[in-house]
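Q: Quick note on numbering that gives the first Met the number 0: the sequence shown kicks off at 0 and runs consecutively.
Accuracy of the hints is not assured; some may be wrong.
Dumping the calculated EDC-like pairs for lysine to aspartate or glutamate here, alpha-carbon to alpha-carbon at most 16 Å [unchecked claim]: (1) Lys26 / Asp76; (2) Lys78 / Glu155; (3) Lys63 / Glu91; (4) Lys32 / Asp43; (5) Lys78 / Glu25; (6) Lys94 / Glu25; (7) Lys63 / Asp43.
Derived by calculation from the structure, the hints in this document are not laboratory data. A quick note: this is a predicted structure, and the numbers were derived from the prediction, not measured.
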Amino acid sequence: MNWITHPVTLVGTQVLLQPLEVMHIEKLIHLAKDKRIWQHYAIDGSDTNKLKSSLETALIEREKGKQYPFVIILKNDNKIIGSTRFLDIQAEQKKLEIGWTWLHPDYWGTKVNLECKLLLLTFCFEELKAKRVQLKTDENNIRSRKAIEKIGGLFEGILRNDMIRDNGTSRNSAYYSIIESEWETTSSNLSKLVNQKMS
0 MNWITHPVTL VGTQVLLQPL EVMHIEKLIH LAKDKRIWQH YAIDGSDTNK LKSSLETALI
60 EREKGKQYPF VIILKNDNKI IGSTRFLDIQ AEQKKLEIGW TWLHPDYWGT KVNLECKLLL
120 LTFCFEELKA KRVQLKTDEN NIRSRKAIEK IGGLFEGILR NDMIRDNGTS RNSAYYSIIE
180 SEWETTSSNL SKLVNQKMS
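Assemble the whole structure, with the sequences as input and the hints as a guide.
A: What follows is the structure in structure tokens.
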């Protein structure tokens, strides 16, 4: 039995995280055409076939209980603005990863990512009772690393040659985590950040 019982919808003040479905794929493909989004990813999601394959794989992995993909919707406009997912779901170890988070550049630097992470982390620690939530990014993706640190992710180190990009080059990844004993403090700090940015 899967750790995450489908469907899961997470509702925030500004954003809504809905389960990814086939009907969302064309809209995400259109959104993902800006190559700036994919500079530090292992795949170039601006390529229609590559992104479509990744999204379809995520749906298959959801059935197996290994991933759980969402679309990010701006509530006021009922507009899809990006995607995120749970990865490497290990129910027996009570741990999982938050990743594959991407937004259209129009929403970079806004409160959207902070609120998404608050919704996802709250679900992990308060619904799933997770022991560990992992986040990782390209070691050279300074914007992403600062964002992870801002939400309370503790830097654990660099894994060298951690991933092979679709162009054949190797990527070193910076790994971060939040663990169960840190959640109360992290939740309080992250909630304050979200509310400050919304004021």
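Q: Run every hint past the structure and note whether it holds.
A: Hints, verified against the model:
no., hint, result
1, Lys26 / Asp76, "holds (15 Å)"
2, Lys78 / Glu155, "violated (35 Å)"
3, Lys63 / Glu91, "holds (14 Å)"
4, Lys32 / Asp43, "holds (9 Å)"
5, Lys78 / Glu25, "holds (13 Å)"
6, Lys94 / Glu25, "violated (31 Å)"
7, Lys63 / Asp43, "violated (25 Å)"
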